[in-house]
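Engineer: Residue numbers (the numbering used here), protein chains in the order written: chain A, 1 to 702; chain B, 703 to 1089.
Mixed in with the good hints there might be a few duds.
Straight-line Cα separation of at most 30 Å, DSSO-like style, residue types lysine-lysine; simulated pairs [said to hold, decoys possible]:
#1 B/Lys725 / A/Lys597
#2 A/Lys608 / B/Lys1083
#3 B/Lys744 / A/Lys620
#4 A/Lys577 / B/Lys821
#5 A/Lys620 / B/Lys830
#6 B/Lys830 / A/Lys597
#7 A/Lys608 / B/Lys821
#8 B/Lys833 / A/Lys608
Everything labelled a hint here was simulated from the structure, so no lab data went into it.
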Amino acid sequence: MPKKSSAEGKLFNMKPTDAPAAPKKRTRETAETMATKQKDIAVSEFFAKNRHLLGFDNPRKALLTTVKEAVDNSLDACEEAGILPNVTVVIEDLQPDRPANAKQSRYRVTVVDNGPGIVRKQVENVFGRLLFGSKFHRLKMSRGQQGIGISAAGMYGLITTGKPMVIHTRPSSKKPAHHIELAMNTKTNRAEVTVDDETPDFPPTRLKSINPGTRDPGFLHSEDYETGTSVSIELEGLYRKGRGSVDEFLELTAIANPHARITFVPATRISADDQDDTPPKKSPIPNEPTDPASLPTTDHGPLTTDSSLDATLATTEKDGVILFPRGTDTLPPETQEIQPHPKGIELGILIQMMRDFEDANKDGGTLFNFLQEKFSRISPAKASDFCKAIGAHSRTKVSDLDPAQVEKLFKEFQESKLPPPPTDCLAPIGVRQMLAGMLKGVKAEFYAASSREPDVYRGRPFQIETAIAFGGELPTEDTARVIRFANRVPLLFQPSACSSIKAVTETGWRNYNLSQPRGSLPVGPIVIMIHMASVWVPFTSESKEAIADYDEIRKEMKLALMECGRKLGTYLRKRQKMQRESARRDVFERYIGEISKAINAINGTDTKKLYDALLSEARKRTAIADAQLDEEGKTIKKDENEDLKNDEGVVLVESRAAHLNEPAAEAEASTPAESEGDTVPLTKKKSPKTKKGKSEKDDELF
Amino acid sequence: MAKQRKTDSQSQAQADKINKRVKERDKSTLGRIITLADGVSKSAFAGKDINIAIPTRTRANTLWNKKRGILEMGDASASRELFNLNQAKQFMQTCLHGTSIKELIEAEKTLSLRGMFYKALHTIQGTKGEKTFAAQDESDGILEDLEVSLGALREELHVYAKKRGTMVGNITIVDSGDEIDCRRMGSGGYAVPSITEPDVIQFKKCEAKFVLHVEKDTVWGRFNEDRFWEKHNCILTEGSGQPPRGMRRLLRRLNEELKLPIYCLLDCDPWGHYIYSVIKQGSISLAFESERLAIPEAKFLGVRAKDYEDCDLTDDVQIELNDNDKKRAREIIAYPWFKDHKGWQKEIGKMMSNGFKMEVESLITKDISYVTEEYVPERLKKKDWLD
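Extracted from the complex, chain A is given alone in its bound form (with noise of 0.2 Å):
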C-alpha cells in the first residue's frame, strides 16, 4: 500500500516520513543526529550514482544510448508535427590518436532533427531535468516513456566531461534559432545556462566540415531542416562496430521507421575489438559498395513485383556518410491518448489517481465522474454498476470512500465485464511499411509482412506485426537473425530475456521448408522482425532491452509469425518446384552435348546443328513438361503462385532468387555491365552464381 506522497507527487522522493527510533545501545547516532543526515535525495543524483539502470553501464553502451535517446525523441517529435523526419547523427572523435586500445575515448556526438524545435522557455526542462517528459503521465504510444532518456545523456556527458551540452532549436523557419548551453545541477534536478543566444547558423555549419562526405551540399542541407532541434553532447564513450553498436541501431532504425531519412557520420576512428566483448558482427546487412555508380538511381525499372515499393532503394555509404534513405512518404498515423482500462490498473495507481481526481475538484467530484472521466471503456450504466458493487451511490464523493471500498472497487474492475480497451491509440508499423523498411534494410529475394488485429495484455491494447525477409545475399549457414523493435525502437540487448525470441523458437519453422534445431532459432537466410506497438511496453528493466513475457504478448507474436511463415512456405515449395524444373532441363541440356558428338563421329552429322536441333527440342519438352504437372505427380495449384503476388504482404525481388531458369550459357554470353543484378527483372536471366545447391539435386533425377 502506498502512503501519502508529498505535494510534489515524484516517484523518487526517498525522505522518510517516519524514521523509526534507533535503538539506544551504544550511544553512536541518535534519532536526532541522524535526523540532520537524512535528506531529499535528488532524481539526478540518483541516477547519477546509479547509471547502470539507465544504459550507460559502460562507454561502447553510453554512446549508443546517447544516440538512441535523441533519435527517438527526434522521431517522437517530427511525427507529432506531423513532419517527414529528416534526421542526422553525427560522431566526432575528439581523441583521435589516442592508442588504438584505449578503452574509452572522447566523442561529440549531434543528432539533428527537422522536427518543430522547442520554445526557448522549455529548454531547459526539456533537456535539463529528468523525468520531466510529456509521454510519461498520457497512456499513448511513444517511443520515449518516462522522460529520462536526453537529460540522462546530458548529464552523462557532463559527468564524464564536464562539458554542458549544446542545443540549437529552431522552432520558427522565419527567425533564427536559440543557442544554449546548459549543464544540469544533479543537486536540484535543474539546468544551469551557461550561454543563452540566438544564431541563425542553423543547421550548425560546423558539421559539415567533418569529413569529405559532409562537405557535400546535399549534406544537412538547409532546405531540410527548417524548423528543428540539434542537440551535442560530448562524453567518454566507445566507438565500435557489431552487434549493440549505432551502426546496427541506426540500421534497425532505418527499417522500422521507412517513412524517416537518417543520415549517419560515424566516427573516423573504429576502437579495436576487445578479447572478451561482443562477436564481430556476422554481416547482417552488407553494405552497398563505396563505388559511386552503383548508387542507386531512378532510371531504374521496377524491380520488385509491384509498383509501390521499389527494391532498388538501399543504404548508401559514401565518402564517410552513411545514408539510410526514405522508403516511404506516408507517416505513421496520429495516435490516440487514452484513459486507463479498468482491468489495466493497480489498486496502488487507483488510490493515487482517485487522489489526483479529488485535487483536480476543488468541490470533490463524485464516484460517478471519476469513473466516466479516468477511464476508458466504462458507459454510465456500467459506472453506476460499480457504485453499487461497493456499497455507494453515484453521488458520493471519491474522498468518502474507505480503503476497504476503494479495494472492493478494485476486485470489481477485474471481475466485470468490459470491452477491451480501444485500439486507435496505437499506430502499428503496416505490411506495406514494413516491407518498405525491410526491403530498403535488408538485401533478400522474399519478403513477407504480417500485422495482427490489436489485442490487450492486463487492460494495455497493443498490437503485434511481423515481417520475414528470405533468401537473397543473406547467409544460408547462420542462424535466423531476429530484429526486435517495441514502438519502433530496435531492442538491442537481452535477446534471450525478450518475449519475442520465445517465440520464434516455439514456432515450427520446419512447417515452412526451413531447418530449425530442437529448442533453438530456425537457420537459414533468413531476417525475422518483430515489432510490438503498445500504449505501454512492459519492458524487463529501465534500459528498455527486452520485452517482458507476457503470454498474450507471446501467442499474438506467434500467430504473427506463422501467417508470415506460411506465406514463407508457398514461396519455398514454389521456388523448389522451380528448381527441379531447371535440374529437369540441366538432365537433358547435360547430355545432348555428348550425343551430338557421339553421333557426329558414327554418321557425320554437323555437331552444333544437331545440339542445336536438340537442345530447341529439350526446351520445348520441358515447357510441355512444366505446363502438365511436377515431379510428384500433384499439378501445383496455379493460382498459388498468383496468391502470393496478390498478397499485399509479399514482396519478391526476382532478380536475387537463387532459381532462374535459363541456362548457364546465356548467362555466359550476359555482358558484365549487367552484373549489377538488381536492375533486371530476373525472368530473364541467370547468373552462374546462383546455380549452387543444384548438385544434390541432381542424384535425386536418377
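Chain A is fixed; fit chain B onto it per the hints.
Structural biologist: Chain B only, in chain A's frame:
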C-alpha cells in the same frame, strides 16, 4: 605346346574365306550402327521423338519354343527415349558405345568389357565432374542393350568378355591361325577364349566320341589327371560354374558340327540344374543368342538325387538345402521346359524330399578316382541320364 603356323595352301584359302566373311560381317554391323545414328539425327531435325528400340531381356519376354527345345526372345521391345528424365543418361551412354564400336570395327581391334568401359569414360562437358559411366556394370548393361538392339553379337561388336573355361581331349583345333593339339595340354588344359566363332576357332582333327562337361575345374582336374579323356576317347571341358558364352558356343559347335553328344556332370543342387538348363535351352538374359548357344541334346549325367542311396554315400556328404535353394528349386521345377518332363519333376522332387544337396566331389568319399573309374563309365554304359 603344339603350336604350328599353318602354311599349306589349303589353310591359306580357308583363312582368306574367313577374312572375307569377317569383313562382310563388320560391314553389316557398321551399317546397323550408322542406321541407328541416322535415326537419331533424322528424328532430331524433324522434331520427332528421339528413341532407340531395345528388345526387352526379361523373363516375360522369353518364349519357350517347345518344338526346337530352346528359349527364344519375344517381340517386346522398350523404347529408350532421350527426352525422358530416367532414360536420358542411358540414351547418351548408348550413343557413346555406338561410337566406340564403330571405331573398333574400323581399327579392326577388339576390347574387353572393361576396356569398353574405360574407352567411353570421361567427364561430361559442362558438368561438375559427372562421369559418363558411374561403374562398369552400367557399361556392360548398355553393351547388351546394343547387342539386341543392333541384332549383332558381342563378338560382332568387337567386344569380348573375360575368358573362362578349359578344354582337353582327343581333338586338334586351330585358334586364330595357331594349331592346338588338345591331347597335349599338360595339367592346365586349353583356355577357351571368349569368342569361339568359326572365324577364330576351326576344328581340324577329332577322334573323340563324346564330350564330358563338368561344372568346375576341381572336378575337371581329377578327370584330367586320370587321363579320362584318353581312356574313354572324349573331350573334357569345364565352365567354372555357369559356362560363359565362349564355352557354350564351343560346346554347341562340337555338338552341331562334329555330332558329338554332350554329357554334363554337375552338382545335385538348384544351381547345377540351372546350369544344365542354360546349356540345354539357353538363358533368359541371352535368349536372343539361344539359337547359336543352346544344345537341346545335352544330357544330365549326374549327380542325381538318387545317388545318395545308389552309391551308398555317407551322411557326411549331405549339405542341407537352405531357404534360398528351396525357393530356387521351386522356380526351376515350374519352368515350362521342366514342367512337362517327368524325369526332371521326379529328380527335383527327390532332391526336395531328401532335403539336402550334393556336390560332385562328394563321390570322392567312396574313393579318390571313384568318379572317373566307376561312376561316369557305369552311367554312360547304362545310359542312365536325364535329357
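Engineer: Each hint: holds or not?
Structural biologist: Hints and how they fare:
no.: 1; hint: B/Lys725 / A/Lys597; verdict: 27 Å, holds
no.: 2; hint: A/Lys608 / B/Lys1083; verdict: 71 Å, violated
no.: 3; hint: B/Lys744 / A/Lys620; verdict: 17 Å, holds
no.: 4; hint: A/Lys577 / B/Lys821; verdict: 37 Å, violated
no.: 5; hint: A/Lys620 / B/Lys830; verdict: 25 Å, holds
no.: 6; hint: B/Lys830 / A/Lys597; verdict: 19 Å, holds
no.: 7; hint: A/Lys608 / B/Lys821; verdict: 23 Å, holds
no.: 8; hint: B/Lys833 / A/Lys608; verdict: 22 Å, holds
Of the hints listed earlier, those the structure fails to meet are numbers 2, 4, in rising order.
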